[in-house]
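For the sequence shown, the positions run 3 to 123 when our numbering is used.
Calculated directly from the structure, the hints in this document are not laboratory data. Hints are all accurate, no fakes.
DSSO-like cross-link-like pairs, simulated, lysine-lysine; straight-line CA separation at most 27 Å:
{"#": "1", "residue 1": "Lys80", "residue 2": "Lys117"}
{"#": "2", "residue 1": "Lys111", "residue 2": "Lys121"}
{"#": "3", "residue 1": "Lys121", "residue 2": "Lys80"}
{"#": "4", "residue 1": "Lys80", "residue 2": "Lys111"}
{"#": "5", "residue 1": "Lys115", "residue 2": "Lys60"}
{"#": "6", "residue 1": "Lys80", "residue 2": "Lys114"}
{"#": "7", "residue 1": "Lys60", "residue 2": "Lys114"}
{"#": "8", "residue 1": "Lys115", "residue 2": "Lys80"}
{"#": "9", "residue 1": "Lys60", "residue 2": "Lys92"}
{"#": "10", "residue 1": "Lys60", "residue 2": "Lys111"}
{"#": "11", "residue 1": "Lys117", "residue 2": "Lys60"}
{"#": "12", "residue 1": "Lys60", "residue 2": "Lys121"}
{"#": "13", "residue 1": "Lys80", "residue 2": "Lys60"}
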Amino acid sequence: MITSGIFLFLALQLACLTAETAVENIPVGCMRISESTFLRANCETSLMTTLGDFCSQKFPGRGKDGQWLGTVRNGDPKCQVCCVQNGIDKNQYFNVTTAPDGLPCDSNKICKKGKCQLKTN
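Please construct the entire structure, taking both the sequences and the accompanying hints into account.
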């Protein structure tokens, strides 16, 4: 009787683990993106989806399977983008790359060649 209770407990734990989205090595300054955010991104254009398009072009080796979103990396160095691919296997894969030129990085500053510089007219 006790062993069947243990097996049931282990089976429930395994079921809970497989229901979660796996995350592969989140780089410092990046964050996990929720499944609902990926779903909403299919219906709207935002900085996150625009950076996702940038990421998919930057990392074509990951393949076309899955959806890309991008976020501005928190902290220093500035002018980096966290690229997150939500694979068809429901795992999230992360890459960090230099932000595109023109991306705002601070008050009255934009990214130019990977550096946060004063915006010039």
